[in-house]
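Just so you know, the sequences run in chain order V and L.
Be aware that the first sequence starts at 1, since it is given in full-length UniProt numbering, and climbs by one per residue.
Be aware that the second sequence starts at 1, since it is given in full-length UniProt numbering, and climbs by one per residue.
Any given hint could turn out to be false.
To be verified - The list that follows gives simulated cross-link-like pairs (lysine-lysine, DSSO-like), each with its CA atoms no further than 27 Å apart: (1) V:K60 <-> V:K95; (2) V:K277 <-> L:K47; (3) V:K132 <-> L:K47; (4) V:K214 <-> V:K50; (5) V:K75 <-> V:K91; (6) L:K149 <-> V:K463; (7) V:K60 <-> V:K88; (8) V:K153 <-> V:K172; (9) V:K216 <-> L:K149; (10) L:K149 <-> V:K300; (11) L:K149 <-> V:K214.
Just so you know, the hints here were simulated from the structure itself, not pulled from any lab data.
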Amino acid sequence: MTVSPDSPSDLTRRTVLRRAAAAGLLATPAAGFLAACGDDGSTDGATGEKTKDNPFGVAKDKGLEVAGFDGGFGKDYFEFNKTKFSGKYGKAEVKYSKLILTDYQPRFYGGNPPDVLNNSSPETIPVGNLVKGDQLVDLTELLNSDSYDEPGKKVKDTLVAGTVESGLHDGKPYTLNYAYSIYAHWYNQTLFDKEGWKAPKTWAEFTTLAEAAKAKGIAAYTFQGIHSWYIHNVVNEWIWKVGGKSAIVAIDHLEPNAWKSEAVKGAVEHLAEMVGKGWVQAGAAGLDHTTTQQAVIDGKALFIWCGSWLEGEMAKTIGNAKLSVAAPWDITTADKAKFGTIHAAPGEGFVVPKKAKNTAGGLEFLRMMLSKESARKFAELTKSLPVVKGAADGLTISSALTSASKAAAEAPEVITWFYEGWYPTLQKAVGTQATELMAGRITPAQFMDEVQKAADAVAKDDKITKQKRTDA
Amino acid sequence: MRKGRGWFITGFLIAPIVLYVVYVLLPYGATALFSVTDFDGLNPDWKIVGFENFGNLLDDEVFLRAIGHNVVVLTIFPIITILIALFFAFMLNVGGRSDKAGVRGVFGSSIYKFIFFFPQVMSIAIVAVIWRRVLQSNDGGMLNALLMKLGLVEQNDPELFLADPTPAFGTPQIHIGSMTLDIPVVLVCLIAIAVWGSVGFYLVLFSAAMQSIPKDIFEAATLDGATRVQSFYKVTLPLLRDHVSVAWVYLGIAALDFYALVIGLTPDPGGGGPNHASEVMSSVMMSNVLRPSRYDAFAYACATGISIAIITLLFAALQFRVTRSRDKIEF
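Next up, chain V with everything else stripped away, as it sits in the complex (with noise of 0.2 Å):
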């Protein structure tokens, strides 16, 4: 059904009350209590009339605070939203910051946080606190109401698929994920082309494959070594490939010997076999993602796994390589997931602070970013995809991305997991177990048991709030 803000179904407990209030109708304090009980947040202040072109009733130049987060996709999508949001609504203001969990933690704690956070950057701010302490807009609201472009079509029908599960914590969505990234083993074309090699579909293809550039001196495989986070993924994507998504499931519920399942053990296994063939470059465990990345675009290896944001963070040093992506190939003869899944996840999360002074403009404000023109804009600049279906058509922002996305879009199956997001300790315990394994300091049994073992403690810590998959 879709709710158009003029019909009667907008008339909710909470408007009929405000307005009532307003009208005198009832005595402040029992209007303050009554409006304490408010679950959607714009409890707070004046709000303007809401009306099918204004869906939240944002006030005109009540102001809006943004906190952006200065980082891989830049400042310009963050300038060009501002610009179209105070044409419509007067003054508007973004904040940048490189670190938004140190810079914000004291506002949501002093209890005046920005209108809307780009909760982005290395260290974020764990969502389940602030859940846990009411101080996040339930995002309902916005999905449900009409997109930007198309009256009567909901927000969330305009997002690709998952996005709204990706920002779900206990169940209700609090984080917006804007960007949708696309992950995949990445390789030099022009390399290929030039010695006649294809991408491999089977782990008999990849053997041949790289025992053929290992007789040329060239590593098949590199790894971003000191950040683990990169490796984590493949073993992940591995897993999902070999075991399907049941494999993945056990592992987000923290199952007793999730990570002891035949799926992992075909995963890390071959994880081992390409460091004991010695198709692994050279120490690329103590390598940075940029040195590693070069090694592919420099033809000294040929697979290196990364999001689609490769091409614009080596922009500089590319030269003419031209890159592809290749889909998780066949790790074991009997995988329970199709060649051709593919990992997509939307990230860049972005929340509406419960206690900001202005929460309609914060709803309006992502509103606007997901309206066309903005996410049309947010691929130009940022040369990445937002979440907004069909945003990119047309644009040749470069090969390898159109490729990327159309892989996405064929694909049989999208892997995801979620425990990263949840359980930020065992996410690192198998990103440094992998790269263990990969530097070749540990067998498959040892990293089966270590990371086991940080999942049972992870388990067993009432401290650790735990969270279930809606899609199991």
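Place chain L on chain V using the hints.
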């Protein structure tokens, strides 16, 4: 008049005292308070939980291993730094040939002083960038490239240095309860870099101290036929005891910190890797603040901070007690 002077003094002191109270004492107090709560840094509705966080610290394998690493650094880093700084200071001031011009340093000592002091003026961020390149784990790393040229390291098996968590020089891993005591290669690399960065400062400190020792003492020793080694041990060292003990305390406190080097040079998010091999107490604390797992990680980090403060105070007290100066030598 007397009363007026009191106000005058207070007027000058008020600003620094207010600054000190607001920016030093209050945060200390807040940290101490939060360490016994379940505060998460975000919600003002915390409650007191007692010493639970401190109890958890005693079971935290990563933190206990980090203490072990601080102990290792505390044992090795000050001794090596002081020994090298003393040796260099001696050579630069009194180690040269003694002839008609009297006692002096080796040839070109002022240039050496400049070179040795140089790391001291560089910010830790620059130090980190330089050493990451020197210790890079492939043929692009300066040290690895050199070792490969010398044929000591294979092209396809470079030294990992900062990414090597294995025990250095075959040192054993000792387990006491849930505590691990080990000396990984990465920690040795960090200590070497810290020594490189600190020697210059203590060299200058000891140089100044040596210059305040009257030259005739050295000349008398030389006339009596003392060799350089003898005059170092029998003259220089006893007269520098106070300076060495101050250096020891400073270096000890630096050894208990070590955060900047760990975060700047070692793998894994927030440093401390690989696989916690270079974790020190302060890096564990910061990981809890910046990458929380448990909801009350902020309070847990506060408890970690308070523990670090207690350990550091105990160390300083012990150090002053051991090196308390006895009879002062006047000259």
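### Message
For a C-alpha distance cap of 27 Å, please report whether L:K149 and V:K300 respect it.
### Response
holds (20 Å)
### Task
Would you check the hint for V:K75 and V:K91, treating anything up to 27 Å between C-alpha atoms as holding?
holds (18 Å)
### Query
Does the structure keep V:K216 and L:K149 at a Cα separation of 27 Å or less?
holds (22 Å)
### Task
Decide if the proposed pair is consistent with the structure: V:K277 and L:K47, CA atoms, cutoff 27 Å inclusive.
Given pair V:K277, L:K47 is violated - Cα atoms ~55 Å apart, limit 27 Å.
### Task
Mind checking the alpha carbons of V:K214 and V:K50 for me, to see if they're no more than 27 Å apart?
Violated - the C-alpha atoms of V:K50 and V:K214 are around 66 Å apart, more than 27 Å.
### Query
Do the alpha carbons of L:K149 and V:K463 lie within 27 Å of each other, as the hint requires?
violated (53 Å)
### Query
V:K132 and L:K47: Cα distance at most 27 Å?
holds (14 Å)
### Message
What's the verdict on V:K153 and V:K172, does the C-alpha distance respect the 27 Å limit or exceed it?
### Response
holds (21 Å)
### Query
Holds or violated: are the alpha carbons of V:K60 and V:K88 at most 27 Å from each other?
holds (8 Å)
### Message
Need the status of pair V:K60, V:K95: alpha-carbon distance at most 27 Å?
### Response
Distance ~20 Å between V:K60 and V:K95 Cα, so the pair holds.
#### Entry: Proposed proximity, V:K214 with L:K149 (alpha carbon, max 27 Å)
holds (22 Å)
Comparing the model with each numbered hint stated earlier shows that hints 2, 4, 6 do not hold.
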